[in-house]
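Trainee: Each chain, letter by letter, is given below.
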Amino acid sequence: MTTKTYDHRPGLLATLGRDGLIQIILIANSFIMLAPIVIMIFSAFKTNAEIFRSPFALPDFTNVTSIMKIWSGTNFPLYLLNSFIVAASSIAVILTLGTMAAYAIARYEFRGANFILLFFLAGLTLPLKLAIIPLFILMRDLGLLDTRFSLICIYVATGLPTTVFIMTGFIRTLPNELEDAARMDGASEARIMWSIMLPLVKPAMVIAGIQNAVPIWNDFFFPLIFIQKDSLKTLPQGLTTFMGEYGTDWGVLFSGLTLSALPVIVLYIILSRQFINGMTAGAVK
Amino acid sequence: MFTTRLTGRNLWIAALILPPLAFMCLFLVYPILSAFAYAFYEWHGLARGEFIGLANFHKVLFEYPFSERTVNAFVHNIFVFFALMVLQNGVGFVLAYCLWRELPGARFHRIAVFLPVVLSTVIVAILWKLFLHPLFGVVNISLRGLGLGFLAQPWQGQDTTALTAIVVANAWHMVGFPTLVFLAGMQRIPTEILDAVRMETESEWVKVRKIVWPLVAPSATVVFTLLFVSAFNFFELPFLMGGVDGSPHGATDVLGLYFYRTAFGSMSASAENFGPGSALAVLIFLFIAILSSAITLWLRKREIQL
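Residue numbers (our numbering), protein chains in the order written: chain E, 160 to 444; chain H, 1395 to 1700.
The set of hints was computed from the structure by calculation and includes no laboratory data. Among the hints, erroneous ones may be present.
[To be verified] Quick look at which bits of chain E chain H covers, simulated, 3 or more residues with Cβ under 8 Å:
hint	segment
1	184–196
2	310–320
3	327–333
4	336–342
5	360–371
6	407–417
7	421–428
[Said to hold, decoys possible] Pairs of lysine-lysine, BS3-like flavour, derived with a Cα cap of 30 Å:
hint	chain 1	residue 1	chain 2	residue 2
8	H	K1604	E	K288
9	H	K1601	E	K228
10	H	K1604	H	K1695
11	E	K388	H	K1695
Ideal placement from N, C-alpha and C gives every residue a C-beta, glycine not left out.
For reference, chain E alone in the conformation it holds in the complex:
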């Protein structure tokens, strides 16, 4: 990669050489990024013997034995449902509470508004994992251990800071004219927020929603601590139990991985711009 030396003569050849090198780096990198995923998907349609003998060969895509085994022989559908319930409820609560706070901070002048914004922003940098002992005791005292509520509460708390950050920034950019006109007509504050401002906030909600959805959907740490009952496990947590149960049946393992990864991959390919914007929203100013 580094053997190319640049001469100072401008010219077509030098440009071609430079662009060629860049293409080689990019193609090599994309190969490294995609090959493991392709091998994973191929292996879901193979038997153990085929995986060990020819891991790179195209499989017989009609062989869905392993996939059926995962879908109907394990708790996979249940884990999927749990993940969906937890993620959807958390995001609904995050967007509701986050928009409420952001709206108040961004649209009204009141004492302490800046302090409250700073308070939310401070939450951005706190590694909540290190407070897992008090959280565990708190959940036990609230009787929430081994319930989906424990996860929803914690995801809302971790998701609020970034959401308030994104939404406040966005709501501040909205023009005042509509709001003032409605106020002149005697509309209540609640009505102004609901019917006039909220429809304008949707794009920011999509960004905030995706930014929260991916880490919540993928989280493994909090279920590990809070959830013991198999029937309440989320998908990432459930996958780790397959590793123990089917440790030697690689076809089944790869099927489990593929089934969990594919929905996210397909969604990502369709909405790649929104995913990338959402997940880098906090880091890209």
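Starting from the structure of chain E, add chain H where the hints point.
Mentor: Coordinates of chain H only, in the frame set by chain E:
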């Protein structure tokens, strides 16, 4: 009339702001403050005992075998940080620079590099565990197929390569993040500046060093700070790939794992020990908070001095 309207408005603001604030206090502020308090108490299982001052801290820092393990794990975190600095942020910068060119196919490559980022750490961990299997993993099968069989080895089974294997898996998973943050930084460089540079020099190296690198300083600040925090919070990947005990022989033990083991028990000794666990959490927390603020301030200064 005026006053009632005013209180109505205040009530409305309070109704908007209090529920989210209450949530943050209960599930974020209170646990973090308690984490500090808990470290100064003796614990009997889940029950809090006597106030014992700094005894828990003394234990994890200076008493055998706790101190040994703390230092061992800490050294591994430092290794993880520097290795990822090169493999994740360094490679990310190079890839961003390549993507910035907007050559044919750039859109495809941009989507490809970020694809692993959206996957769960659990998927990444199991995938790489299977790929790195000594006999049947694709890594060793490929090496043998390329006639490099002598390089094939039990990557996760030996002390010398186990942690590196985890670092590589992490770099594969997350390299898209710094890449796209750097790319966004490069795309914000005004074209006038770039045109002016093009008149001055043809050398790519000079261009990168004198113009691109200083101008993406804000992106670098974010990416470096986030990597620092995640390197010293490292938990999921070592837990899933090396196991709760950091096998083999503690070669993949990191502070996050050691904290988890101390607090919630390991397979071998399943006893909670919340006292030393809390002390470790406080130490890690303070270390991350102080150093990441220092790094941010230092890097910010670099941004202004341009």
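Trainee: Using C-beta distances, would you say chain H covers the segment 407–417 of chain E, given that this needs three or more residues below 8 Å?
Mentor: With 4 residues in contact (Cβ-Cβ under 8 Å with chain H), the coverage given for the segment 407–417 of chain E holds.
Trainee: Count the residues of the segment 327–333 of chain E whose CB lies closer than 8 Å to any CB of chain H, then report whether that count reaches three.
Mentor: violated (count 0)
Trainee: Hint check: H/K1604 vs H/K1695, CA-CA at most 30 Å. Holds or violated?
Mentor: Distance ~17 Å between H/K1604 and H/K1695 Cα, so the pair holds.
Trainee: Quick one: see if chain H covers the segment 184–196 of chain E, three-plus residues with Cβ-Cβ under 8 Å.
Mentor: The restraint on the segment 184–196 of chain E holds, since 10 of its residues have a Cβ under 8 Å from chain H and three suffice.
Trainee: Below or equal to 30 Å on CA atoms is what counts here, so check H/K1604 against E/K288.
Mentor: 40 Å, violated
Trainee: Quick one, are H/K1601 and E/K228 close enough, alpha carbons at most 30 Å?
Mentor: Violated: H/K1601 and E/K228 sit about 56 Å apart, past 30 Å.
Trainee: Count the residues of the segment 360–371 of chain E whose Cβ falls closer than 8 Å to any Cβ of chain H, and tell me whether that reaches three.
Mentor: Our answer is that it is violated, as 0 residues pass the Cβ test (under 8 Å) against chain H, missing three.
Trainee: Please check whether the segment 336–342 of chain E has three or more residues whose CB lies within less than 8 Å of a CB on chain H.
Mentor: Violated, because only 0 residues of the segment 336–342 of chain E bring their Cβ atoms closer than 8 Å to Cβ atoms of chain H.
Trainee: Is the coverage entry for the segment 310–320 of chain E by chain H consistent with the three-residue Cβ rule at 8 Å?
Mentor: holds (count 7)
Trainee: Between E/K388 and H/K1695, does the CA-CA distance stay at or below 30 Å?
Mentor: The hint is violated at about 50 Å.
Trainee: Are there three or more residues in the segment 421–428 of chain E whose C-beta lies within less than 8 Å of some C-beta in chain H?
Mentor: Result for this restraint: holds, n = 4.
The structure does not agree with the numbered hints 3, 4, 5, 8, 9, 11 stated previously, though it agrees with the rest.
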